[in-house]
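Using the hints provided, position chain V relative to the given structure of chain F.
Here's the letter readout for the chains.
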Amino acid sequence: DVKVTQSSRYLVKRTGEKVFLECVQDMDHENMFWYRQDPGLGLRLIYFSYDVKMKEKGDIPEGYSVSREKKERFSLILESASTNQTSMYLCASSFGGAATNEKLFFGSGTQLSVL
Amino acid sequence: GNSVTQMEGPVTLSEEAFLTINCTYTATGYPSLFWYVQYPGEGLQLLLKATKADDKGSNKGFEATYRKETTSFHLEKGSVQVSDSAVYFCALSDRKGFQKLVFGTGTRLLVSP
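Those protein sequence lines, which keep their order, are chains F and V.
Just so we're aligned, residue 1 is where the first sequence starts under the numbering used here, counting upward by one.
Just so we're aligned, residue 1001 is where the second sequence starts under the numbering used here, counting upward by one.
There could be a bad hint or two in this list.
Stated by the list, open to error - In the DSSO-like style, the derived pairs of lysine-lysine whose C-alpha atoms are separated by at most 30 Å in a straight line are:
(1) Lys1060/V x Lys103/F
(2) Lys103/F x Lys1077/V
(3) Lys3/F x Lys1056/V
(4) Lys55/F x Lys1052/V
(5) Lys57/F x Lys1052/V
(6) Lys103/F x Lys71/F
(7) Lys1052/V x Lys3/F
(8) Lys3/F x Lys1077/V
(9) Lys55/F x Lys13/F
(10) Lys3/F x Lys1060/V
(11) Lys1068/V x Lys70/F
(12) Lys103/F x Lys1052/V
(13) Lys1068/V x Lys103/F
(14) Lys53/F x Lys3/F
To be verified - Pair by pair, the computed Cβ-Cβ distance ranges are:
(15) Met27/F x Asn1059/V: 19 to 25 Å
(16) Ala1017/V x Gln111/F: 38 to 44 Å
(17) Gly16/F x Arg1067/V: 44 to 50 Å
(18) Gln1045/V x Glu56/F: 23 to 29 Å
(19) Ser113/F x Glu1069/V: 43 to 49 Å
(20) Tyr1039/V x Lys53/F: 18 to 24 Å
(21) Asn1059/V x Asp26/F: 45 to 51 Å
(22) Ser1003/V x Pro61/F: 34 to 40 Å
(23) Phe1018/V x Met54/F: 43 to 49 Å
Don't read these hints as lab results, they were simulated from the structure.
Idealized CB from N, CA, C, for every residue including glycine.
Chain F extracted, bound-state conformation (with noise of 0.2 Å):
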């Protein structure tokens, strides 16, 4: 069965720490993505990859960035965690290419509480 994983489900962080969000998938997709889930608004898209080394900026990527070093793992990064960055992260991945009509695998989340 496909996987996308997540390291963790619960993450409590102090305001300026640097905080890494590590995802996983063993299905061999190009395409990974890092959405964040807040009530009333939805998903929104922050960062999404390509391939390895590559990255695109989403509709929200300010306080945000990204690693793909190797094809099955791609990192978000909070390079100054602020208390507006409390949320749910989401992690997806997809098979490669332009398509626009293949389905996204989502892991199970990360609840990040910035305090």
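For chain V alone, kept in the frame of chain F given last:
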């Protein structure tokens, strides 16, 4: 820009009731349309999709028809079960590729026995 509007929840139904969750979209061109479902404590999973006008997506008794003239993709099920309780997200992907999805705000469905 592209956007998706869903009805606000929660939607509360009794088992075996008929379900409709409304979804309308704004997009340039002809997007693909999706319904994703999120069960408690889990990530999202694809429920159904439609890629062109008048297509009907269906899965697990759920259906949605791509209506270009009304820019809608309403989700329906004839008889809901308690196990259908979840949050449902309508989404579209624009034609620029890479499966970048624009999601609605989600609609929580609660089904009681």
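These are the hints, each one checked on the structure:
1. Simply put, Lys1060/V and Lys103/F have alpha-carbon atoms about 17 Å apart, close enough for the 30 Å limit, and the pair holds.
2. Annotation: proposed proximity of Lys103/F to Lys1077/V holds, straight-line Cα distance about 21 Å (limit 30 Å).
3. Among the hinted pairs, Lys3/F with Lys1056/V is consistent with the structure: their alpha-carbon atoms are about 28 Å apart, no more than 30 Å.
4. Among the hinted pairs, Lys55/F with Lys1052/V is consistent with the structure: their alpha-carbon atoms are about 29 Å apart, no more than 30 Å.
5. A distance of roughly 28 Å separates the Cα atoms of Lys57/F and Lys1052/V; the hinted pair therefore holds under the 30 Å criterion.
6. With a C-alpha separation of about 18 Å, the suggested pair Lys103/F and Lys71/F falls inside the 30 Å cut-off, and the hint holds.
7. Taking the CA atoms of Lys1052/V and Lys3/F, the gap is about 29 Å. The hint holds against a cut of 30 Å.
8. Only pairs whose Cα atoms come within 30 Å are accepted, and Lys3/F paired with Lys1077/V is accepted, the gap being roughly 28 Å.
9. With a C-alpha separation of about 26 Å, the suggested pair Lys55/F and Lys13/F falls inside the 30 Å cut-off, and the hint holds.
10. Between the alpha carbons of Lys3/F and Lys1060/V the distance comes to roughly 21 Å, so the proposed pair stays at or under 30 Å and holds.
11. Distance hint between Lys1068/V and Lys70/F is unfulfilled; the C-alpha atoms sit about 40 Å from each other, more than 30 Å.
12. Restraint check for Lys103/F and Lys1052/V: satisfied, since their Cα atoms lie roughly 16 Å apart, inside the 30 Å limit.
13. Only pairs whose Cα atoms come within 30 Å are accepted, and Lys1068/V paired with Lys103/F is accepted, the gap being roughly 21 Å.
14. A hinted pair counts as satisfied when its Cα atoms are at most 30 Å apart, and Lys53/F with Lys3/F qualifies at roughly 21 Å.
15. Between Met27/F and Asn1059/V, the C-beta spacing of about 20 Å keeps the proposed range 19 to 25 Å intact.
16. Distance hint check: the CB atoms of Ala1017/V and Gln111/F are about 32 Å apart, inconsistent with the given range 38 to 44 Å.
17. Take Gly16/F and Arg1067/V: their Cβ atoms lie about 49 Å apart, and the range 44 to 50 Å holds.
18. Take Gln1045/V and Glu56/F: their Cβ atoms lie about 24 Å apart, and the range 23 to 29 Å holds.
19. Between Ser113/F and Glu1069/V the Cβ separation comes to about 45 Å, which falls inside the hinted range of 43 to 49 Å.
20. Against the hinted window of 18 to 24 Å, the Cβ-Cβ separation of Tyr1039/V and Lys53/F comes to about 34 Å, which falls outside the hint.
21. Checked against the hint of 45 to 51 Å, the C-beta distance between Asn1059/V and Asp26/F comes to roughly 24 Å, which is inconsistent with it.
22. In this structure, Ser1003/V and Pro61/F break the distance hint of 34 to 40 Å, their C-beta atoms being roughly 19 Å apart.
23. For Phe1018/V paired with Met54/F, a C-beta distance near 46 Å keeps the hint of 43 to 49 Å intact.
Hints 11, 16, 20, 21, 22 from the list above are not met by this structure, while the remaining hints are.
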